[in-house]
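Using the sequences and the hints given, assemble the complete structure.
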Amino acid sequence: MNATSHQSRSFSRRGFLGLTAAAASVPLLAACGGGSATQGGGGGGAGGTIKFWDMPWATPAYNDAAKGIAEGFSGANGGKASYQIIQWANFYQTFSSAIASKTGPAVSTGGGFQAFQFEQQGQIAYADKVIDKLKSNGQFDDFLPGVLDPFKSDKGYVAVPWQLDMRVFWYRKSLFEKANVALPTDWPSLLEAGKALKKVGAFGFTTGAGTGNNYANHSMIMMMVNNGGGVFNKDGELDLLNDRNVEAMEFVLELVSNGIVDPAAVSYTTDNMSAQWKDGKAGYGLFQVNVPQRVGDTSGDLLVADPITGPHGDKATIVFPNNIMMYTNTPSQEASEEFLVYYLGQLKQLWQKKLMSALPVFKSITEIPEFADDPNNVKIVKDWQPIAKTFASQGNTLNANLAALDGGQALNQFSQTIITGKSDAKTALQAFQSGLESVLKK
Amino acid sequence: MSSTTAQSGLARARRGVAPGGSGTVPGKRRSKLSAQATRTFFWLLLPSVVLLVLIHGYPLIYAAVQATHDGNLLQTGNFIGGENFATVLTSPAFWKAAQFTLWFTIVGVFGSWLVGLGLALLLRTKIPAGNTFKVLLLLPWVVPIVVSSTAWNWLVATPDSLIPSLFRNLGLGTPLFLADPTLASITVMVFKVWVSFPFMMMMISAALASVDSTVYEAASMDGATRWQQFTQITLPLIARSTYISWILMTIFCVNDFPTIYLLTGGGPVNATTSLVVLAYRTVFQDFATGPGVAIAFLMTMTLVVISVILYRQIRKSSVE
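Protein chains in written order, with full-length UniProt numbering: chain A, 1 to 442; chain B, 1 to 320.
Quick caveat, the hints were computed from the structure, so don't treat them as lab data.
The C-beta atom is built at its ideal place from N, Cα and C for all residues, glycine as well.
Any given hint might turn out to be false.
As the list claims (entries may be wrong) - With the C-beta cut set under 8 Å, the calculated list includes, among others, these residues of chain A facing chain B:
(1) Asn90
(2) Ile99
(3) Ala100
(4) Ser267
(5) Ala404
(6) Thr420
Said to hold, decoys possible - Below, in silico cross-link-like pairs of lysine-lysine (DSS-like), each with a Cα-Cα straight-line distance of 27 Å or less:
(7) A/Lys379 to A/Lys315
(8) B/Lys96 to A/Lys422
(9) A/Lys426 to B/Lys96
(10) A/Lys281 to A/Lys198
(11) A/Lys379 to A/Lys278
(12) A/Lys363 to A/Lys353
Encoded structure:
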């Protein structure tokens, strides 16, 4: 026996297999491991402190300001609130594992449809009493039209909206002047504008479907809704293969075949997309609020466009009403409600400090100078907010299934298929419907 | 001392027998020591074993429960046996992801091994600033993957990025490295090789350092060519390290989530979706916990089988 074989013996088969199994179990651990539960104490810390979890909705300055607001809470019975930032990466896992281990928050912001997912699992405290308090203090009447209704379920208000993540068309004025073409008002003029922009080296339907970029998803659904279609029918059932959706996707495919959509957009992250806007490659496209600030061009060349009219006279866009939810695991439901009412009353500060990249839900905030001085903001409130519909369109109420739609594999694959022009509209929609059905039935 | 005596001495030394000792331990004393040692080892090992069971055992068992139930991250749901596995195994997306994982692993393992081997051999020669090169060559492995994937994204993502611009200026068109399904697959694999070759280089360098240079001198005197020395001496002598590095890199490749997800997200149109990316997206984007964990289980089983096969190769190479 030589030295090598001796070592080989000491490196036993059992030991090796154990190590291998441990290493190979990484995907299992990754798949089922819990997220960080952070501080102990479900819903509240020592002395009944309300735990408020918030997301990085904007720059770190936003979270500093939000923390200041939360920690400034002083309840009737001396209740306090603590503030915790939860990163977007694996946020649902973080919330789920914390809630399962009773170490979750009492109140939180979060994903657009998160409240409905946790409601389905019996973890949400309904906000009806909060709504009653908002009615008595006058804030209820301050809500912009239609923003509260999607949160009302048969059992009560699942959450309370606090900001609107709008999708609106933006354009670069100088590129339209260079292309000598008018702003689109309907689909045929969008096509013509796109062709003209292409001649000056710009794209007329800017979007992106790369890692973590949902703008292509939103553009597809927006075009369906803009044509009177949508993912669901009025009864809330899946209805992707309706004629309006087919027509809308055939139009987007026409944009693709005319080179109006950037052929590399399928892999664009939001940063890539922002760079296209900044570098003058993007002439027109769907984006969020505060694009000039986001892409770093506040010269006044980037402007909000008018809503366009679909071939049947429909005019609509999509909106994600982000919301604040309360959980059943709380040191005091009254304190949770008191905190939420307090927090909603302090939201104005965030827009006064110009920290938000979303629309406020309260009319009074849309009127403060810090917000209303920006003509783009005014145009979005005046022209786009009234025609905004949720992902649930043509249905009315939000639900847990929408979480699997927004950012799910079926929609991602569908959007990528369309903007690469690899399929006809009906085939792509059929695959989308099948993919979504297999997810939603679970 | 004759050579026989020397070999015998070395063998005794390897067995831990002191000079002049018989090599045997009195039976009574041995059993007493053995019993004490067993108890001591038991108590010393217990904390580690408990920790290992908690770290690996609990998630494995919990994952097995999730894979056989129709619940979600919060609730276990109802027992449905192997339905999740059947769903996964009859899904075209699973087999497409398996196919990509296979190619990604083959290119990742052998691509990084070939580059690592070449550089390890190059660094054995006396080149100016060799140590500086070693450090520089380690950078792809050392730099956080988030940073390197962002850098690669900016190099190739848009038609105006550096590398597509370079191709255009050379009259080679404007390749869309992340937007074309075939090019995206190739780009992700090249990125994996780029990230991984320093690991292979270090493994091989360590193995090469243990090879006695007199072996090569003897081979030269016997008239062996450079190629013969490489194939007949170098490769067999580093075979053990090679197989171990292949096993490790296979596990790294199959389990590699960030390299793919950060660069392409699995797209375009699932062209670069590997099994681990599919498992993640199934659990955390489609919220289908059972099928997602079932994918992870199937991956684990496959990895264990591959590892056992390669382990047998290690034993074989050791015996030879």
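Quiz prompt | Broken hints, by number | solution = none
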